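Asker: Heads up, the sequence shown is in numbering that gives the first Met the number 0, so the first residue is 0 and it goes up one at a time.
Among the hints, erroneous ones may be present.
[What the hints assert, rightly or not] 27 Å max Cα-Cα, derived BS3-like pairs, lysine-lysine:
(1) Lys-86 - Lys-21
(2) Lys-117 - Lys-107
(3) Lys-100 - Lys-21
(4) Lys-36 - Lys-21
(5) Lys-36 - Lys-127
(6) Lys-36 - Lys-117
(7) Lys-110 - Lys-100
(8) Lys-122 - Lys-110
(9) Lys-100 - Lys-117
(10) Lys-21 - Lys-90
[Unchecked claim] Pair by pair, the computed Cβ-Cβ distance ranges are:
(11) Arg-43 - Arg-14: 18 to 24 Å
(12) Lys-107 - Gly-48: 36 to 42 Å
(13) Ser-28 - Arg-76: 14 to 20 Å
(14) Arg-14 - Phe-84: 15 to 21 Å
(15) Lys-136 - Ser-28: 27 to 33 Å
(16) Arg-25 - Ile-124: 28 to 34 Å
(17) Gly-115 - Glu-85: 29 to 35 Å
(18) Ile-124 - Pro-104: 34 to 40 Å
(19) Ser-28 - Asn-125: 32 to 38 Å
Keep in mind that the hints were calculated from the coordinates and are not lab data. Model, not experiment: these values are computed from the prediction. The beta carbon of each residue, even a glycine, is placed where N, CA and C say it ideally should be.
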Amino acid sequence: MATITLDATNTIVGRLCSHAAKHALRGDSVNIVNVEKAIMTGSRAFIFGKYTHARVERGQIRHGPYLHRRPDMFVRRIVRGMLPFEKARGKEAFGRVMCYKGVPPDLKDAKAETLGPKTQVAKLINVKYVTIADLCKHLGAK
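All chains should be modelled from the sequences, with the hints used to inform the complete structure.
Answerer: Take a look at the structure:
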């Protein structure tokens, strides 16, 4: 099937991942680049508090819940939540989705498409959002 390259710069991460999941279920290979520049909407305190609660207060260190701290794995996990990953069809689709921090050398020449204007940060009514890089840094990424 086709190979699709999506640019996540200033794109709302949920809308980006649902778009990627649809293409992966259709059989396309999906590459998402610049995932650290994607955004998550909401106030900084709410988002940081939500993930801190999930990581520290809800579980134990060795027993989970485990949260990825690398931006590429963090976004890939969001895509997995939008796929039926416990079924064979979902596992195969999840294998076709790859996320990259920055643009890797083998995808430099590929034309990265951006999603429509409704998925961009400029269309937000409020100005409350956090980039995936900031969130992962808060979780402990280097």
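Asker: Starting from the hint 27 to 33 Å, judge whether the C-beta atoms of Lys-136 and Ser-28 obey it.
Answerer: holds (29 Å)
Asker: Starting from the range 15 to 21 Å, see whether the pair Arg-14 and Phe-84 falls in it by beta-carbon distance.
Answerer: Since the Cβ atoms of Arg-14 and Phe-84 sit about 20 Å apart, the hinted range of 15 to 21 Å holds.
Asker: For the hint 18 to 24 Å, verify it against the beta carbon of Arg-43 and that of Arg-14.
Answerer: holds (20 Å)
Asker: Is it true that the C-beta distance of Lys-107 to Gly-48 lies inside 36 to 42 Å, as the hint says?
Answerer: Holds, since Lys-107 and Gly-48 (Cβ atoms, about 38 Å apart) stay within the stated range.
Asker: Below or equal to 27 Å on CA atoms is what counts here, so check Lys-36 against Lys-117.
Answerer: holds (17 Å)
Asker: That 32 to 38 Å hint for Ser-28 and Asn-125 (C-beta), does it hold up?
Answerer: Check passed, 35 Å falls within 32 to 38 Å.
Asker: Verify the proposed pairing of Lys-100 with Lys-21, using a straight-line Cα cut of 27 Å.
Answerer: Holds. Lys-100 to Lys-21 sits at ~21 Å (cutoff 27 Å).
Asker: Starting from the hint 29 to 35 Å, judge whether the C-beta atoms of Gly-115 and Glu-85 obey it.
Answerer: Given a distance of about 31 Å, which is inside 29 to 35 Å, the answer is holds.
Asker: Just to be sure I understand the hint, the distance between the Cβ atoms of Ser-28 and Arg-76 should be within 14 to 20 Å; is that true here?
Answerer: Given range 14 to 20 Å: holds, Cβ gap about 19 Å.
Asker: Quick check on a hinted range of 28 to 34 Å for Arg-25 and Ile-124, using CB atoms only.
Answerer: holds (32 Å)
Asker: Measure nothing beyond the straight line between the CA atoms of Lys-110 and Lys-100; if it is 27 Å or shorter, mark the hint as holding.
Answerer: OK: Lys-110 and Lys-100 at ~16 Å, within 27 Å.
Asker: Given the hint that Lys-36 pairs with Lys-127, test it: the Cα-Cα distance must not exceed 27 Å.
Answerer: holds (15 Å)
Checked against the numbered hints listed earlier, the structure breaks none of them; every hint is satisfied.
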